Amino acid sequence: MGLSGLLRRMTGRGRDAAPGPAAAAGDTPSAARADRGLLVFENTSEVIQAERLLKEAGYAVRVMGPPPEIRTGCDLVVEFPLMERLHVLRLLAGAGLDPLQSVPVTGPLLAPVDLFHVKRMGDYLMVRAANMKLTVDTATRVVVNVSGGGCPDVPYLAARLVGMRLDEAPDPRAVGHTLCGYALALAWDEMVRRCSD
Amino acid sequence: MLGLIGTVPDPDAPVFEGAAELRAGRDGARSLSLAIGGREVDVLRGTPALAAAACAACAHLGLAPPHALLVGDVGLGAGSRALYAHLERRLPRSGFSLLVFHYLQPDVDWHNRVLFAAQAMAAPPLLVADAGFMYAAKMSGQAQSYDLFTPDAGELAFLADAEAPHPFYTRGFILHDETRVPELARQAYAHGDAARLLLVKGATDHVVDRDGVLATVAEPSVEAMEAMGGTGDTLTGLAAALLAALRARGSEPDVARAARLAARVNRVAGALAAPTPATQVAEIVARIPEALDRVLAEEPL
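If you read the protein sequences in the order shown, they are chains A and B.
Per the working numbering, numbering through the first sequence is continuous, rising by one, with the last residue being 197.
Per the working numbering, numbering through the second sequence is continuous, rising by one, with the last residue being 301.
In short, the hints are calculated from the structure, not lab data.
A portion of the hints provided could be inaccurate.
Stated by the list, open to error - Covered stretches of chain B, as calculated for chain A (at least 3 residues, CB under 8 Å): (1) 123–133; (2) 197–205.
Unchecked claim - Which residues of chain B face chain A? A few of them, derived with a C-beta cut under 7 Å, are: (3) Met1; (4) Gly28; (5) Ala82; (6) Ala85; (7) Val108; (8) Glu163; (9) Met228; (10) Gly229; (11) Ser251.
To be verified - From chain B, some residues computed to sit far from chain A (all C-beta separations above 10 Å): (12) Arg39; (13) Gly75; (14) Arg89; (15) Ser94; (16) Ala117; (17) Asp147; (18) Pro165; (19) Gly212; (20) Leu214; (21) Thr216; (22) Ser221; (23) Arg249.
Since the structure is predicted, the reported quantities are computational estimates derived from the model, not experimental observations.
All C-beta atoms, glycine included, are put in the ideal place defined by N, C-alpha and C.
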């Protein structure tokens, strides 16, 4: 079957159409460091442990002095690939390391987006956090769609979540790796909270 | 030749490339897959959705199928970096007339190396970026090297915020407020953080350049598309195919016209699919040929 025949079959518009309805319902930040973040720890011992752990995991990290905005007492921070924040924090947590802060190099005082946009569409509820959207069928609590984002774990997370009930699907925090994955985890938390009310 | 560059959600897929061929999917009558370089890729969302839309449109417009350059990456970045290294070697000797960069791990250093490789081609191609590669393009300070970005309203706020390294940190981000599109676009252009043209996806699609809003497309309005994964990807794929069609005519293509037509075709395809928020994007891809016929009957290429 050619491409046009295939698409006709899917839409129910051709001779070979399938039966049924057509559609189912410190440093000066530079551009080169703009994708980096800073991990702030309680003490220098934790900084050294984190540096070793992340280097062993293959990450390009470096220890440096903190910018003035986030100087907290410990005079060292770890610079790391910010896009992979979720995975990096999970690695550190596995070793009992809990940074006081993880912030962008470009703006150490920038805070994650913390507003949710919630929209009801008939039986469906959509929650948006930052650039990620999660939609659930409220009757069945099944995830029906995941959209938005730009990091490569978004299609992967969608493949893991779509079609699963909220109480049986993996927590996006456990399987995502990036800032988009983290944003989806925030939407997930809000969705679970709303569907539990 | 149209080149589509991105990732697939398979941690084991190496770098692979080839002409993309749209096929019946493995998951029932309403699914689609792509055959590329001896591999089969499901069309669900992300770069496969973009490639599927571009395939459907290219075939209907009588163009050669797009050439996809892909790698498996689930967010750890190793796959994206392997593809970046491949592109750095491959692009300077290639003959692509249009390159679309999509779901890739944002990495400023690798972005710059790939951009320089594209600019080293004998005939530098038109450049389109969306998703993670658009984030890297903005962070690199090289956004003005691109012909088209296709952000949504939230990503436009990220382009407008000179300090934000990712949409997750964008300040003053009103999640569903599209009334600020002209203002945010002005800010993005003022910082040099926008492509030559922006196609801002939303309830109303905006085509914008540094002088302001050139066009808006709001009809047909299909609310469920907002919830569906991949509808923004199909729009970018359609814009790429229409740009390729215009470029195939030999003249410098009108990027704004291609963007506006793509927005119309994507909406008509969505309306024809009559989706619910649970519909998957393959059903919209399937409607692209009919949507192209309808839109181009009113406004021929």
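Q: Against the structure, test the hints numbered earlier, and report the numbers of the ones violated in rising order.
A: Of the numbered hints, 2, 3, 4, 5, 6, 11, 13 and 18 do not hold.
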